[in-house]
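J.: Chains as they are written, first to last, in UniProt numbering: chain A, 1 to 346; chain B, 1 to 346; chain C, 1 to 346; chain D, 1 to 346.
Do not rely on the hints blindly, as some may be mistaken.
Remember, identical chains collapse to one label, so a pair may be satisfied in a single copy or spanning two.
Stated by the list, open to error - When the alpha-carbon atoms are kept at most 35 Å apart in a straight line, the in silico DSBU-like pairs for lysine-lysine are as follows: (1) K189 <-> K277; (2) K86 <-> K30; (3) K141 <-> K30; (4) K252 <-> K105.
Calculated directly from the structure, the hints in this document are not laboratory data.
Protein chains: 4
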Amino acid sequence: MIKAGIIGATGYAGGELVRLLMGHKDVEIKWYGSRSYIGQEYASVYQNFFERIEDKCLDDNIEELADAVDVIFTATPQGFLASHIKEEMLEKAKVIDLSADFRIKDVKVYEEWYQIQHKAPELIGEAVYGLPEINREAIRKARLIANPGCYPTCSTLSIYPLLKEGMIDPSTIIIDAKSGTSGAGRGAKVDNLYCEVNENIKAYGVATHRHTPEIEEQLALAAGEKVMLNFTPHLVPMNRGILITAYASLKKQVSDEEVRAAYDNYYGKETFVRVLKPDVCPQTKWVEGSNFVDVNFKIDRRTNRIIMMGAMDNLVKGAAGQAIQNMNLLFGLPETEGLLLMPMFP
Amino acid sequence: MIKAGIIGATGYAGGELVRLLMGHKDVEIKWYGSRSYIGQEYASVYQNFFERIEDKCLDDNIEELADAVDVIFTATPQGFLASHIKEEMLEKAKVIDLSADFRIKDVKVYEEWYQIQHKAPELIGEAVYGLPEINREAIRKARLIANPGCYPTCSTLSIYPLLKEGMIDPSTIIIDAKSGTSGAGRGAKVDNLYCEVNENIKAYGVATHRHTPEIEEQLALAAGEKVMLNFTPHLVPMNRGILITAYASLKKQVSDEEVRAAYDNYYGKETFVRVLKPDVCPQTKWVEGSNFVDVNFKIDRRTNRIIMMGAMDNLVKGAAGQAIQNMNLLFGLPETEGLLLMPMFP
Amino acid sequence: MIKAGIIGATGYAGGELVRLLMGHKDVEIKWYGSRSYIGQEYASVYQNFFERIEDKCLDDNIEELADAVDVIFTATPQGFLASHIKEEMLEKAKVIDLSADFRIKDVKVYEEWYQIQHKAPELIGEAVYGLPEINREAIRKARLIANPGCYPTCSTLSIYPLLKEGMIDPSTIIIDAKSGTSGAGRGAKVDNLYCEVNENIKAYGVATHRHTPEIEEQLALAAGEKVMLNFTPHLVPMNRGILITAYASLKKQVSDEEVRAAYDNYYGKETFVRVLKPDVCPQTKWVEGSNFVDVNFKIDRRTNRIIMMGAMDNLVKGAAGQAIQNMNLLFGLPETEGLLLMPMFP
Amino acid sequence: MIKAGIIGATGYAGGELVRLLMGHKDVEIKWYGSRSYIGQEYASVYQNFFERIEDKCLDDNIEELADAVDVIFTATPQGFLASHIKEEMLEKAKVIDLSADFRIKDVKVYEEWYQIQHKAPELIGEAVYGLPEINREAIRKARLIANPGCYPTCSTLSIYPLLKEGMIDPSTIIIDAKSGTSGAGRGAKVDNLYCEVNENIKAYGVATHRHTPEIEEQLALAAGEKVMLNFTPHLVPMNRGILITAYASLKKQVSDEEVRAAYDNYYGKETFVRVLKPDVCPQTKWVEGSNFVDVNFKIDRRTNRIIMMGAMDNLVKGAAGQAIQNMNLLFGLPETEGLLLMPMFP
């Protein structure tokens, strides 16, 4: 059995990690870290686990944790892991970081967008960006995984094949994203109250959202050139789910079949990326609770643009599910172990 | 592997059966019956199963089906199974009926409340009411299971121990129930449109809902006397979940601890019924997607009444999950097989 | 023009007062009191009023306010008004209190249920309980109005005629209430976050909710005897609306027509209480945004109980609308002035 | 008093017309046309009007109606009005058409996108596109108003000033739109059931939505050149509201202040278009139930694009409210008469 510890276990992503790991036959959770709830029963914070989990919340002493477990998941605020990680820990336990600390290779870009000084820049080089469909082999050998952001996962997977195949012009990419409210976390803020979010939709972080440089870096790797794009997230009155609608100009004359072949080329053998049939639009509900990303596209011949769409559960493939997918790779398990839960509908 | 067939596979309960059976290691679904979608791919009706299920929908020929499978689930309108079942089928396959056809032992009561003539009254006696926490041993030996209604499951489990222990006066029971909208089915009706249900709550079927006699029959068995009660269901703007709030007068002076002991006496060893800690109210969200029923109570000394509460996912413990729990018992499998999915939160 | 001041203008009830008063032709708001937002533009807190309101938030100096306006609305936490009110103020301005401070005549009951020492018990006697359909004449002459609680308004109006006519047994009353989330206020608490409330229903304050004694006091006045009842509120995933479902045993043999006549007797001439046609259940959506209360009933001959139902917008008839209805009476205006907004559907 | 008749009074837009006209002091509704509900009380279809409207539904005989009223609102399926309108009617009554029949000047474009043969092409030239903020003077003199579509209203108003001022490149416009579910109408379809829409978001009509040519035509008038753009609508789990997020490349170097000045130039005196303060994103909730459109913008210097945002209630400014605004202009009333309802929050 793999021994796992979670720091930040009482946030929504932490709770989802617990839900999924409870169904993973090779893992046992040894450490429920939560600074705010130290000493309280974990199942009193998340009553869904009542009678299934007896443990109490522990603090976030990552050093002690590294001695106790094989893998550490950090679902913590930006800057936490970079401030606390030390090289020696990585010799004891694998670390899968759900924060942004090690996602961006250029430390200046990180510091500019996050307005935080990076405290462990020496480890950025080693960290592997944990998007298995793209970086599978590097992940297998890693010690430190930068688990991708929710928006970047869905955006990158939806656009990647067309950039890779040179079908679209990178300078024309616009990503209009919509997210359920769990992405905003469990903090008590007026903006996230039921009555403020319900029956409402708005854009936020327009032209300034921190996931922008992460998406640009990943797409630049695919394009083989620098990418600058527009990314606009919106808050949608639902608990879970991200839908991205991305636009780009076609660089050359391509048929629907050629585009489909490009997607199939990259995802034909991928369990978790499903290229939908022609004219079926991805819907977040069809992937809820699962690790799937549903993608599809539509070419508009009038404007010579292609519309790329992707739907995903932000807490699963966008956070905890992908973290476990990475863990499976790190420990040589079948990649889908514990992750074949069917989406729940309705 | 147990071979299973589903009639009514494209309703919400049918879809949930499929979701849960996909995660059951001992079952394979051989027949997706759906009169409305014959010949269409099942995964085109429920896109959550895209790439996971290749099968097409078949018709509802239950006789042919009985030859092909070990167990038949009928998630069909009232009257369907009674009209089509024949004794010989039960020699070939176990039948688990999610409709109301065989739930009520008194055929006159059934015909009066359902306004249907019962076409197979000779099988009512044999059918076993499939509430495992109460009828476990009878279920194991049955051929035909009457899978309980959603409201009756939650109501009965919440009230049963106190009636059994003679703590409450049966003539004073009032059940105020609240259900998510999936309970209304997938039929296209104006009343179930998003804009009609959303931001709205109403009672319906007041003093006339068909689950009333089913609840009364089960509680009468517990009380050892005839029970007549009020049952008022309400439609709540959410997909899943049933909450029942039941009221009764205490027959004798009892302490909180004695009441708790009564619940523990019946449910202490039950995996799927969770008696919450004092002063924790059941919430439907804490059981969503799972087979758990969370129950608790509060005594009001001022009025000498007890308030009994139960929360459950109507599609799981209230339908498909309970059906699989019954199947596990019928086939000698561990009762919780395939049913230990943790509730999804948020 | 009547000059009005609001203390607590940035809570949900305060915001609703502003919305409704903006459409009242005889009132101008001179004071937007909000301790938390002093100096900020009111329309920056409630953007719905952008370009329609220029004023900034002021503090909650009720003494100064009494000099500046004709009527003061206090939408403040329990205890605030009792701590700050002085007899002299009532000579300068009418006060309509949306808190519970002056609703309950028995100060001991207030102090016991609210766990607050009442700081102005000498004014309790003078205060008039502002339920116009019952206390209209007393309201006209009052200086201090105790604006009823949301649950008590809906509960009392739904049950009152039958108690008054001696048709139901007061000792058997059970009120099962359901409320939208705006009733919980705009405070930043985890329990009120979108992801905690959405797709969820729960009871809360079981057997201990503070509106219980208020309802009991009002119903006792109707019954002419002490009333002790069960009141159980539930939190429903919607912004607005209260539905109450009340149960009582009939004291005598009555026909549907006789019960209907009792309701019509009290509400036939009331604009804001609508007795629905037979078998039409009240729905909160049908009254949203309006000052209407829709009531109806169903007799269950099997159990000899009657089910009484009422639906209302908690922020309008349950708070701000009723306050304005009281104001109209206090100032000799037509009672419906500014309150004939049609409910918004969907 | 202006006598009004409505054809299609039982759809959502029809119901909203009734709600708003009930609060309009110069109008009385004489005809509630609804083919599906002929002879039924209107208030039994929309219970929100119980006791406020006594009338029964009449048929859709537009010829008879033209004799009876001063103004006819048609909230009917595409093709209905064009099939029934005759020149003589326009001499008797003004017609405000909420369908698309007379919105598009080029009949070929209409027939291509709507797949309907236009039955009254001779009246297209006379019809005035009823967007008062742009066509005010022409509207005043019209007999036949083509009331704009919901998406085109919000899209056009959000983008218009910048095209008019030559600030953006028309060939780069992309409109990503999000709508509440009332836009899909009150027809009983599985796709619009509560459980299908709730907790879900999806794009639909990608690159094929019929509002595309209407938007293009209006923006072409502003740009002074042909416009081809991408328009992608999404279905959001809420009753009301449209948010559009539009993208375009800047044609020249402009400051934030210059862009703001452009908006103010066109909307500074407009009551119903509110240009929000810098960095405040429009939210649909802030305009719910009202005739306001909130717009704002953000320049992304990195990509040289501008993001234009607009929020609106699809049933008010996007349908019934705008129709009344047009009616006010047609009859020489103050343009805002009956339309100054404040948005409802929450």
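J.: Are the hints correct? Go through all of them and say.
T.: We went through each hint and held it up to the structure:
When the C-alpha separation of K189 and K277 is checked against a cutoff of 35 Å, the pair qualifies only between copies, where the shortest distance is 22 Å, while the shortest distance within a copy is 41 Å. Taking the shortest alpha-carbon separations for K86 and K30, only the intra-copy value of 21 Å comes in at or below 35 Å, while the best inter-copy value is 54 Å. For a Cα distance limit of 35 Å, the shortest separation of K141 from K30 inside one copy, 24 Å, qualifies, whereas the shortest one across copies, 41 Å, does not. For the homomeric pair K252 and K105, the shortest alpha-carbon distances inside one copy (31 Å) and between copies (34 Å) are both at most 35 Å.
Going through the hint list in order, the structure satisfies each hint without exception.
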